[in-house]
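Chemist: These are the residues of each chain, in order.
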Amino acid sequence: MSYVGLYRVGVIVSYRRELRDPEGETIRRDLLQRAGYDRVREVRAGKYLDLLVEAESVEEAVRYVKEMCSKLRIYNPVVHSLEVLALG
Amino acid sequence: MVRVAVVKFPGTNCDEDVVRAFRELELDVEAKVVWYKDFRSAKWDAVVIPGGFSYGDWLRAGAIAARTKVLDEVREGVSRGLPVLGICNGFQVLVEAELLPGALLPNESGMFTCRWVRTVVERPRGPWLSLVPDRSRLDMPVAHAEGRYYVDEVTYSEISLKCPHLRYERGWNPNGSTYDIAGVGSENGSVLGLMPHPERAVGVLTPRGFNPGGELILRSIALSLRKGW
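Listed in order, the protein sequences are those of chains A and B. Counting along the first sequence from 1, when you hit position 41 you're at 40 in numbering that gives the first Met the number 0, and nothing is skipped either side. Counting along the second sequence from 1, when you hit position 152 you're at 151 in numbering that gives the first Met the number 0, and nothing is skipped either side.
What you were told as hints is all true, and nothing was included just to trick you.
No more than 30 Å apart at the CA atoms, straight line, and that leaves these computed lysine-lysine pairs for DSSO-like: (1) B:LYS68 - A:LYS70; (2) B:LYS68 - B:LYS31; (3) A:LYS70 - A:LYS46; (4) B:LYS42 - B:LYS68; (5) B:LYS36 - B:LYS68; (6) A:LYS70 - B:LYS36; (7) A:LYS46 - B:LYS36; (8) B:LYS42 - B:LYS226; (9) B:LYS226 - B:LYS161; (10) A:LYS65 - A:LYS46; (11) A:LYS46 - B:LYS68; (12) A:LYS65 - B:LYS68; (13) B:LYS31 - B:LYS226; (14) A:LYS70 - B:LYS161; (15) A:LYS65 - B:LYS36; (16) B:LYS31 - B:LYS42.
The set of hints was computed from the structure by calculation and includes no laboratory data.
Full structure from sequences and hints, please.
Modeler: Take a look at the structure:
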């Protein structure tokens with residue numbers, strides 16, 4: 000099977016809002032606030048994957064990546080939220 | 000002699016400690032380190048997934064090891080009642096493989112935490128806790144960055160009513176775990192995962208003021224494998 004093109008897809012894994020995120024809290028408290036950037040009210044850290052995917056269309060690439068993410072548990076639905084972005 | 004496989008992934012580093020602990024207690028158990036690619040569940044009477052940093056904790060602690068074929072073998076063994084113990088990173092692997100409920104998040108302190116803690120065992124059941132009386136105190140060291148156990152309320156009430164589990168004694172929670180949970184077992188107790196290290200809580204390694212909490216767990220599995228549970 001051959002695919003029409005290559006598409007870039009971004010995957011963002013972050014902790015669900017109701018869970019504390021010590022990394023984000025530390026970045027805000029010990030870096031941003033110390034340097035005076037006190038208008039930043041919240042920082043949430045996460046993991047970002049940048050994928051290059053063979054697919055027929057950008058929509059198909061996104062579907063493929065979404066399926067992969069849940070099958071391989073790239074994110075853990077117990078604690079994470081997942082965002083899959085079409086980057087072109 | 001009963002045989003216990005200690006499965007080693009790339010990045011596992013507590014495998015030899017587990018083997019040494021069995022040897023030091025003279026338990027009549029043949030514990031052997033098995034490289035993950037060579038592991039076949041049918042050859043063993045029990046499995047330990049030891050601590051360390053499988054796959055460098057990349058993606059998430061335990062996430063990559065949980066998707067290897069070893070875990071298919073382990074899952075097949077579990078369906079036959081094969082006893083499985085996950086220690087620290089091994090617990091993270093079992094949770095990521097969905098053999099145990101919940102998830103293990105980065106410690107609330109944001110730091111790697113390495114110290115002795117007191118735990119209390121509740122609803123002990125199954126091969127790993129057969130010698131452990133209900134509500135007894137087991138002291139062991141923890142050493143982890145991602146040990147904050149998380150479950151939703153519904154799953155938690157199921158665990159607390161039905162499953163063997165360990166809690167950090169009040170004031171000893173090192174990571175912000177919900178409900179102070181240090182370890183969780185399957186309903187029949189044949190699968191058990193915990194963040195503290197039983198293999199480091201044996202004999203002379205135990206500091207003053209603590210009990211060697213790992214000994215009862217290792218003695219339990221040795222006896223269970225010979226006499227049933």
